[in-house]
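Generate coordinates for the entire structure from the input sequences, incorporating the hints supplied.
Just so you know, the sequences run in chain order A, B and C.
Going by this note's numbering, the letters in the first sequence line up with residues 21 to 202, in that order.
Going by this note's numbering, the letters in the second sequence line up with residues 2 to 453, in that order.
Going by this note's numbering, the letters in the third sequence line up with residues 14 to 983, in that order.
Source of the hints: derived by calculation from the structure; they are not laboratory data.
The beta carbon of each residue, even a glycine, is placed where N, CA and C say it ideally should be.
Worth double-checking, as some hints may not be accurate.
Far from chain C by the CB rule (all over 12 Å, computed), these chain A residues [what the hints assert, rightly or not]: (1) Glu174; (2) Gln181; (3) Arg184; (4) Glu202.
In silico lysine to any residue, SDA-like type, Cα no more than 25 Å apart, as pairs [unchecked claim]: (5) C:Lys776 to B:Leu414; (6) C:Lys728 to B:Tyr324; (7) C:Lys902 to A:Val110; (8) C:Lys776 to B:Pro401; (9) C:Lys866 to B:Leu57; (10) C:Lys873 to C:Gly909; (11) C:Lys689 to B:Pro341; (12) C:Lys866 to B:Pro401; (13) C:Lys689 to B:Gly340; (14) C:Lys728 to B:His255.
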Amino acid sequence: MRGGPAGSPIYGVAAEFEDAARLLDALHELRRRGYQRLDACTPFPVHGLQEALGLRRSPLGWAALAAGLAGASGALLLQWWTGSVAYPLVIGGKPFFALEVSVPVAFELAVLLASFAAVGGMLALNGLPRLYHPSLRHSRFGRASDDRFLLIIESDGPQFQPERALEALRSLGGRQAEVLEE
Amino acid sequence: MATVSSSTESALVLGRPSLAEVTRTVAGIVERRTPRAWWAAFALTGSLTLVLLAMLGYLVTTGIGVWGNNSPVGWAFDITNFVFWIGIGHAGTLISAILYLFRQRWRTSINRFAEAMTLFAVACAAIFPMFHVGRPWRAYWLFPAPNAWLDLWPNFRSPLIWDVFAVSTYGTVSLLFWYVGLIPDLATLRDRAQSRARQVIYGVLSLGWRGSARHWNHYEMAYLLLAGLSTPLVLSVHSIVSFDFAVSLLPGWHTTIFPPYFVAGAIFSGFAMVVTLMVVARQAFGLQHLVTMKHLENMNKVMLATGLIVGYAYGVEFFIAWYSGNPYERFAFVNRALGPYSWAYWIMVGANVLAPQCFWFRRLRTSVPAMFAISILVNIGMWFERFVIIVSSLHRDFLPSAWGMFRPTWVDLLTLAGSFGLFLTLFLLFVRFLPLISMSEVKGMMAAREGA
Amino acid sequence: MNGKQYWRSLGQRRESAEFRQWLEREFPEQASEWTGSRRTLLRLMAASFGLAGLTACRRPAERILPAGRGVEGYVPGRPLYYATIMTLSGLATGLLVETHEGRPTKIEGNPEHPSSRGAATAFAQAAILSLYDPDRSRSVLRQGRRSSWEELAGFLRSHFEAAGRGEGLWLVSSAIGSPSLARLKALLLEKHPRAHWIEYEPLGREQELEGSRLAFGRALQPQFRFDQAEVILSLDADFLGLDCLAPAWITAFARRRRVSSPSDGMNRLYVVETAYSLTGAMADHRRRARPSEIPALAQELARELGLAASLPVVQPGAPRSWAEAVARDLKRHRGRCLVLAGPRQPAAVHALAHWINHALGNVGRTVYYTEPAVRTQAERLHDLAAEAASGGLRTLVILGGNPAYNAPAELDFAALMRKASVSIHLGPEADETAALASWHVPEAHFLESWGDGRALDGTASIQQPLIEPLFGGKTAAELVALIAGYPRQRAYELAHEYWTAQWPKGDAERIWRRSLHDGVIPETAFPEIRPAPDVPRLRSLSAAPPPAGAELEVTFLPSASTYDGRFANNGWLQEAPEPVTKLTWDNAALISPATARRLGLQAGDLATLERAGRRIVMPVWIQPGHADGAVSLTLGYGRLRCGRVGRGVGHNAYPLRLSGAAPEAAALRLSKLGRKYPLAVTQEHHSMEGRPLVREATLEQFRRQPDVAARQGPKTEPFSLFREHAYTQGHQWGMAVDLNACIGCNACLLACQAENNIPIVGKQQVRRGREMHWIRLDRYYAGGEDDPQVVWQPVACQQCEMAPCETVCPVAATNHSPEGLNDMTYNRCIGTRYCANNCPYKVRRFNFLDYHKGLEEVQKMAYNPDVTVRMRGVMEKCTYCVQRIEEKKIQAKAEGRPLRDGEILTACQQTCPAEAIVFGDLNDPESRVSRLKRDPRNYSLLGELNTRPRTSYLLKLRNPNPEMESLESS
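So this is what it looks like as structure tokens:
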């Protein structure tokens, strides 16, 4: 990581854009110019942003599926084991284990674990919770959760140079282009 | 109020506010200093909540005998209230999940609100299964852990155990869903916070969210998954609650129609409660341009539809009872309509089947006073539906020698009132401290409109 | 006997000097010491152990002997059984009492005893509770202040020195059946020749003896052989209910109603009565009649039978044809029929009954005569009143009973008592009479005192105590001995001396021990007497014609709960529903639906009843099948000076009750008060709604199609979708209840309550529908409300093989034992009540509140140590007396033998006088229960639900007279 003007390691540079459309245009342009490590902070999920940044589809679905199956089979196992191995009781003259009566519990456990996987996975992949992030240093970051759109060029991209990056942002209509220190 | 424009989207947000305006309106409610009216309301509901606590204390120290329950009516207000509240708790997740999957844009301004209501309703509901047992200090035996003498387990054949799983799962998943939805808005509040305290609290609650494109990528997937999971869940919960009755052999309970009938009823009552509260809230906080007549009208339409399903169920029950040729079944239903509790039955029919018919007429469907009155009626009617199912079936079953009557005690009545106190108290806290409309989603919808 | 060794095991307790001195004392001054502390309990228990041994140092150890098994190798924790008797209105019934560590806990009938034959009545069952009643009086009272036996003794000695030959000395005792007491009575009257002694019972049977005097010229006791009678006509005699003098009557009657194959026969019962009694419910033909119509009907019958053609024709509404048909039926069964009249009937009716029996050749076969076991003389109370009026009454001694409460109203007994300068009252509680007496002496309970008694047929028994007097009570014999200045004073000595004197010197002690052990004294039954009817007198006699135009007649009934008021403080009895009305904790004025309509009354309306210038207030209850134009008043309620349980419960009817031949006939005025009174009934709905619950057929139908029971049920054969659990191994318990034998008495209900520590909940809880009885006696009316028939169905847990309650219990607190019992694990139950909701028989009982709260230690002594006392918030129900099953299984195992069929008796089965309940092993094809399950009459209640109940019922049969069908329909 190269040193910035202030000498301290920098995370990247960021500028604020008026609306989603301009943000997207800027992103496409930067990608064309060869910037790989780009990010944007937006107040709502902007349609087409994933494509513009070339992000892969989130793998959370698979996690949820796995957890769901685990939940269901775990529930069936629990009901079979407690009912016919651990403590078999004659109840209403019925069999010790039957699939029919085991369905509700199995279903509920499947849903529960799958949901945990989805949310837990989302937080994990997003590296949340965290209390600090360099992008917070941007003077207008607060507006990014309100009505402005922040474009960030991260420093670990190829041929990154703060000055040129700032220039690029300004040229694409970004205001308040600033260097973000780590 | 501005004129209602023609297209659906515009009807969902009036007067083309800017993104900042949306933020200001919604966040403003939380940031403004507490209005007097809020304190007044809070005092009222808070004291009702204390009444609830007092009643539960009396119950636990003295015994179920303080209620009117008896033999043969082993369940009465307790389980009636439980089913009632669980039912209320269905609208939220339904709106958030199912309407989300169906890409119903109009859900956006009401889903947060409805989800919160769901959580609070489930909280109220959870009280009753815990406290209706004779020995509440042993209620934890209901949970699937080896207890008492180490290797004793619950009886997984019992619908009550299914309830435990269904309700706790539903509560947990609804909470996750609601919270995940809140994260971006909490970040907004964090960024707008003036005082250090607010910065810290909202900062912690928002988990360091910064609206990064990568966040949104996983976030949207997670939200989609939760919606997908909640949809069958919300349908399963009331089905399983209905198993409490359907799985028994009691005439009037032992009915295969119960699962769909209960789910429809739950949505019905849930929407009624949303309308009741929403009508008040949008007036109180001046949200008319975000929660528009379009929203209310759509909800009224849903109420009309589910009301018809419920009415159909009432009818079919009688037909099947007659068609089955089972004398006990036949008696149970004749007794329902003409027996000592017929008054409750006809209140139910009047409020649940007749009242919603008003929504056929656009003028009533879009009249705030009308929908408010009808939604209240439906709330009452749905409580009585559960009362009728439980008490009128139990009080006269197989052996006439064992028949009896149930009369509520003052404790029964105050406990019910108290549960409303708790519900409303939680609600007041919610509208005071959290954004009651999902800003990010509304903005997203507006942006989409721009794009369109 | 090894009582002393046994005591040694309690040595450490013996060390306590305080305790020793407490035992030495004649009896403790409970009022001061009774703090109900744990220490007191220990003392009481120890005192009762004393019976087994300690008292040996004071009394001969042979004094009590366990029946059934010896004490050798006595194991603490294993119960002992002793034979004794309970005396009611002077008549003894034999009991077998279970004791735990010297603490009586359960009463059964004594199989050796002719009047009980192993059965025990509801009153006997409940006696345990009265024994431990903390409200019993606890010390001698003088003018209401605490005094002592010694002080009384001193006073009496001086007083009776003065009394000289007994001028102005009157004794009023309850009926005396006890030979030893009779002897003391004679001795006392010898010593005080001028003294008068009246035996008085509020429910005395003077009319019956008077009737025999009319018929035969001497007072004789008719003895009935119900098992010999094929046709029985009861003229207002509730001989299966409250007029029953021996449970053995019921057993004998029920045996003639066992029908297991179409070829079997069955007796036929005609009943004429005013109110609806248990006997009326069993009747094949019941005729409701106002009290005044019954003598007329008896007379009608006599004429039909060709007797007393001269008798004046009185037939108020009594259709000739009814009497005709009955007469013809009786004639067809000469020597195999029986006519009996009830104690409420005038002497003339009894005389006619005697005459008819004689004429039909029944005497010596279905009925025979002996000396009366008791002779009460209520009429002589008038002499007492006269003496009091003339100022001649000096000393009034009341030995038991409560005349100030229940003496005939016109006597104003209270005022009469005040006239006596000295009045001494002996009674179990400080009651209305005690309050007026100058001296009150606590009377010992029969389970804590020595004595003797005679059964109806004369058989004598020793009454041996099972525990030392808890509150230091005395017996009538002891008090009489004191008054008579008799050298020996102890109840034991008095009984022992009397009886050993009857026997040859050498054998006396052996016979005494044998009698204690068996509970009966050999060769003491009365010899049979063959009297000749005084026909001329009978011809001349005419049953009293009814008073002209009495628009409302009244009849007075004993109470199934308090009898004559004496059991008012017994919670078990108060809460036991009156069999027909199902009323608890109250009595009411019973009227017919038509009369109610005429007077514009509804059930629960308060009304004032006026008769001969006296008035009372009482709620009315509408009793289907009650005679129109008549009111039945239940006696024994409205006690004012009584324990906490019975005080002010119900309304007192005695103020309207006058003495005299047939007081019932005197007119009554009833007027609505315009206020309601809350009544607590345990059954609010009375019709079966056309459901096949109690299945009933006539004997004819059953003969034509033996499977009629099955035909009455649904045709569909239930099946399961899953593989059912097979109950094949080991014992498989089951029960069969013969609805044709069950007479609906509450004996099983109370036996169950005593055996299983079932709490009482009180009137308010009953009104809420929370009574705890494990066995319910369902009563249904069939037919129109004016004259319906009554059927009974005892319903306890049916022990379903596929129990709906088990499936729904979230914590598996109720599940099945390998022997097919539906077990209830109290300490696992969390009380969701889901099981009760899902029980189609609604036999599960929930502890809505802590019903065992605030009991005094002495009350806890009544608990059966083999059964858990259930806490608040848990479900409970019938267990088939699993504790009894286990006890017998262990015993059989210890003795290395298989269980014998009939060895295990459930509490309800053991006490049932009708032998209607049979319990046993279904895996043993030869067991009685297995055979009954193969009986064509056998069916399961709600079997169509596929619950597979282990309890099943046997079809109820009636045996109507074909000739009468037309009459019934008209």
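Consistency of the hints with the structure:
Look at A:Glu174: its CB is around 56 Å from the nearest CB on chain C, clear of 12 Å, so calling it non-interface holds up. No Cβ of chain C comes within 12 Å of the Cβ of A:Gln181; the nearest lies about 69 Å off, and the non-interface call holds. Every beta carbon of chain C lies more than 12 Å from that of A:Arg184, the smallest distance being close to 70 Å; the non-interface claim holds. Consistency note on A:Glu202: stated as away from chain C, and its beta-carbon is indeed over 12 Å from all of that chain's, at 57 Å minimum.
With a C-alpha separation of about 24 Å, the suggested pair C:Lys776 and B:Leu414 falls inside the 25 Å cut-off, and the hint holds. A distance of roughly 17 Å separates the Cα atoms of C:Lys728 and B:Tyr324; the hinted pair therefore holds under the 25 Å criterion. Using a Cα cut-off of 25 Å, the hinted pair C:Lys902 and A:Val110 holds, with the two alpha carbons roughly 22 Å apart. At roughly 22 Å between alpha-carbon atoms, C:Lys776 and B:Pro401 fall within 25 Å of each other, so this suggested pair holds.
Of the pairs offered as hints, the one joining C:Lys866 and B:Leu57 holds, with about 21 Å between alpha carbons and a cut-off of 25 Å not exceeded. A C-alpha spacing of about 36 Å is found between C:Lys873 and C:Gly909, which places the hinted pair above 25 Å, so the restraint is violated. For a cut-off of 25 Å, the pair hint linking C:Lys689 to B:Pro341 stands: about 20 Å separates their Cα positions. The straight-line distance between the Cα atoms of C:Lys866 and B:Pro401 is roughly 32 Å, outside the 25 Å bound, and the hint therefore fails.
Distance restraint check for C:Lys689 and B:Gly340: the Cα-Cα separation of roughly 24 Å lies within the 25 Å cut-off, and the hinted pair is therefore satisfied. Distance check on the hinted pair: C:Lys728 and B:His255 sit about 21 Å apart at the alpha-carbon level, within 25 Å; holds.
The structure fails to meet hints 10, 12 from the earlier list, while all remaining hints are met.
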